[in-house]
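Student: Fit chain V to the supplied structure of chain D, relying on the hints for placement.
Chains as they are written, first to last, in the numbering used here: chain D, 1 to 408; chain V, 1 to 116.
Check each hint, because a few of them may be wrong.
[Said to hold, decoys possible] Residues from chain D shown here face chain V by an in silico Cβ test under 10 Å; the list is partial:
(1) H115
(2) A117
(3) I161
(4) A164
(5) R165
(6) I166
(7) R169
By construction, these hints were calculated from the structure, which means they are not laboratory data. All values derive from a computational prediction rather than experimental measurement. Heads up, the beta-carbon is just placed ideally off N, CA and C, and yes, glycines get one too.
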Amino acid sequence: MPDVRAPDVEAVFRESYGRAVAVLTRLLGDIDAAEEAVQDAFLTAVQRWPADGVPPSPAGWIVTTARNRAIDRLRRESTRADRYRAAALLADDSPPPEEGAVRDDRLRMLFTCCHPALAPAARVALTLRLVGGLSTAEIAHGFLVPEATMAQRLVRAKAKIRDARIPYRVPAEADLPDRLSGVLAVVYLVYAEGHTASAGEGLLRTDLCAEAVRLARELAELMPDEPKVLGLLALVLLSESRRAARVAPDGSLVPLPEQDRWRWDAALVAEGQELVRRCLRRGAPGPYQVQAAIQAVHSDAATAADTDWGQVLTLYDHLLALTPSPVVALNRAVAVVEVHGPAAALALLDALDLPRSHLLPAVRADLLRRLGRRAEAAAAYDAALALAGNATERAFLERRRAEVAGAG
Amino acid sequence: MPQYLLSLIQPAGPVPPPEVLDPIMRDVAAVTERMRATGAWVFSAGLHAPETATVVRPADGDFLVTDGPYVEAKEHVGGFTIVEAEDLDAALAWGREVARATTLPVEVRPVANQGV
Numbered sequence: 001m002p003d004v005r006a007p008d009v010e011a012v013f014r015e016s017y018g019r020a021v022a023v024l025t026r027l028l029g030d031i032d033a034a035e036e037a038v039q040d041a042f043l044t045a046v047q048r049w050p051a052d053g054v055p056p057s058p059a060g061w062i063v064t065t066a067r068n069r070a071i072d073r074l075r076r077e078s079t080r081a082d083r084y085r086a087a088a089l090l091a092d093d094s095p096p097p098e099e100g101a102v103r104d105d106r107l108r109m110l111f112t113c114c115h116p117a118l119a120p121a122a123r124v125a126l127t128l129r130l131v132g133g134l135s136t137a138e139i140a141h142g143f144l145v146p147e148a149t150m151a152q153r154l155v156r157a158k159a160k161i162r163d164a165r166i167p168y169r170v171p172a173e174a175d176l177p178d179r180l181s182g183v184l185a186v187v188y189l190v191y192a193e194g195h196t197a198s199a200g201e202g203l204l205r206t207d208l209c210a211e212a213v214r215l216a217r218e219l220a221e222l223m224p225d226e227p228k229v230l231g232l233l234a235l236v237l238l239s240e241s242r243r244a245a246r247v248a249p250d251g252s253l254v255p256l257p258e259q260d261r262w263r264w265d266a267a268l269v270a271e272g273q274e275l276v277r278r279c280l281r282r283g284a285p286g287p288y289q290v291q292a293a294i295q296a297v298h299s300d301a302a303t304a305a306d307t308d309w310g311q312v313l314t315l316y317d318h319l320l321a322l323t324p325s326p327v328v329a330l331n332r333a334v335a336v337v338e339v340h341g342p343a344a345a346l347a348l349l350d351a352l353d354l355p356r357s358h359l360l361p362a363v364r365a366d367l368l369r370r371l372g373r374r375a376e377a378a379a380a381y382d383a384a385l386a387l388a389g390n391a392t393e394r395a396f397l398e399r400r401r402a403e404v405a406g407a408g
Numbered sequence: 001m002p003q004y005l006l007s008l009i010q011p012a013g014p015v016p017p018p019e020v021l022d023p024i025m026r027d028v029a030a031v032t033e034r035m036r037a038t039g040a041w042v043f044s045a046g047l048h049a050p051e052t053a054t055v056v057r058p059a060d061g062d063f064l065v066t067d068g069p070y071v072e073a074k075e076h077v078g079g080f081t082i083v084e085a086e087d088l089d090a091a092l093a094w095g096r097e098v099a100r101a102t103t104l105p106v107e108v109r110p111v112a113n114q115g116v
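Pulled out of the complex, with its shape left as it was, chain V reads as follows:
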């Protein structure tokens, strides 16, 4: 079954207060539960802020470690879900559900090589 990466596109800035965040997290949990129930769910995770990222890159046979993120941007990937879906329309249906729950844009991208 084809897989799709659903990336949550989050604006830079402070984490919303609990009274905003809590109902969102409940909605997200409900979507995840539906994904599990239908067998679509493969994996999902929320990420720490981009400022916590570190970049490792090959340099002259060695590696250079620098403070991240790799790209400074107004928006970043705040979390992601991998789902199994028969085609793009089915994946987009999950994308819509995640976007509705989080009120954030979701990028839906096909996985090219599963488990490589």
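Chain D extracted, bound-state conformation:
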């Protein structure tokens, strides 16, 4: 007796929902119709697989079944245009698309979901839904918004794709660098949101981290020759390698120097470092490659004291030249502390302006604490606490504030 349970279908669902929707969107020219057809196919799978067994190629079976369901549905519909489309679909009696064609469809879907005409929040939601195969409820949970809000966001975004005719294609060579940056930004945003949840109780929302790693891996599979993509994958892998070490058993934040490096995931570190080496061999690294290289330097150090801060600082100089933003300048200042001391770094902070972020006062507080200027440090911790939204980060800042206040 074949033993197929719902979890089998669920595993196939996570693996192949995005691929199937991508193929069907090309065939049907409509994302909603594609999703409907693919969902129909999974419903059929739930009904049939327990009795018939899982087919040899579950993903191919889903695409073929979805296509047949779409034809049935179009035939039932009464409009002439739909009947014509059904006939065209039937005439396309090609075997299930080969891997190369599926790859192209998945890329098309990514570029459509990350089109600059869509709001950034909508790009993220669409990518998680249509490429990642996450349910609306899962995405809503990841971004701490009500499910109805997320559903509305997805509906509006898909309506814009349809009504404004956002094309389903990989951009032309001339537009590719720009558009690819948009895709990478979405993956990075998913990771960043999962890594330090901007609000709420827990420090990490691991589902989003795992999803970003999956998207980055998929992107690297789809565009294996794109150094920016490899850089982003290396960056998320190296960050991900520290996930277990980053949160203490009581849920509090463990800063990098205090992390138990034995708890870093050695396999992810090795994979990330190999990617960084590959990126650096190609030369002219972009921002993601340089950020990944910085993380790789940290991963190289057996203890915090072994960190090659000189190299970290050189890389930050490079990153600041590529992306002159106050956040990068702030991170560079942290490396300056280790190379030239807290006083030199403190002078750099005075030139920075980062309104509404707790990061600048938090770093300033840390430097003042190291310089023994306790009263000023306490005031800076207060300023950071007034702006920090994440409960775990707040607890860390409060602990440090109590230390400087108590010792003073």
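Tutor: The following block gives chain V in isolation, referenced to the frame of chain D:
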């Protein structure tokens, strides 16, 4: 072929002097000429200032006529072009050209019902 409305978003205030405006108008004319040459151009027009607008609205079976514009704003639609374009990317390419020529923001919006 789908159509798109390209609206020119103009700041409130006096019309720029001819030495500023003239080269802009030449650039705009060149873009319009390219639109015609490729068959994308459907219609275009520049509008008088918003203070010249009048609003007519239905009121109790009759109509109320008031001094316009309908919405007082720091920016208004100063002119528009309708183009035919195969998809949003093609429409945005025209949008970029108009924005470059006019140095103004351009809103690109799909037309829902042509000729209704």
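Student: Take the hints in turn and mark each one as holding or not.
Tutor: Cross-check of the supplied hints:
no.	hint	in the structure
1	H115	8 Å, holds
2	A117	6 Å, holds
3	I161	9 Å, holds
4	A164	5 Å, holds
5	R165	4 Å, holds
6	I166	5 Å, holds
7	R169	8 Å, holds
Hint compliance for this structure: every hint is met.
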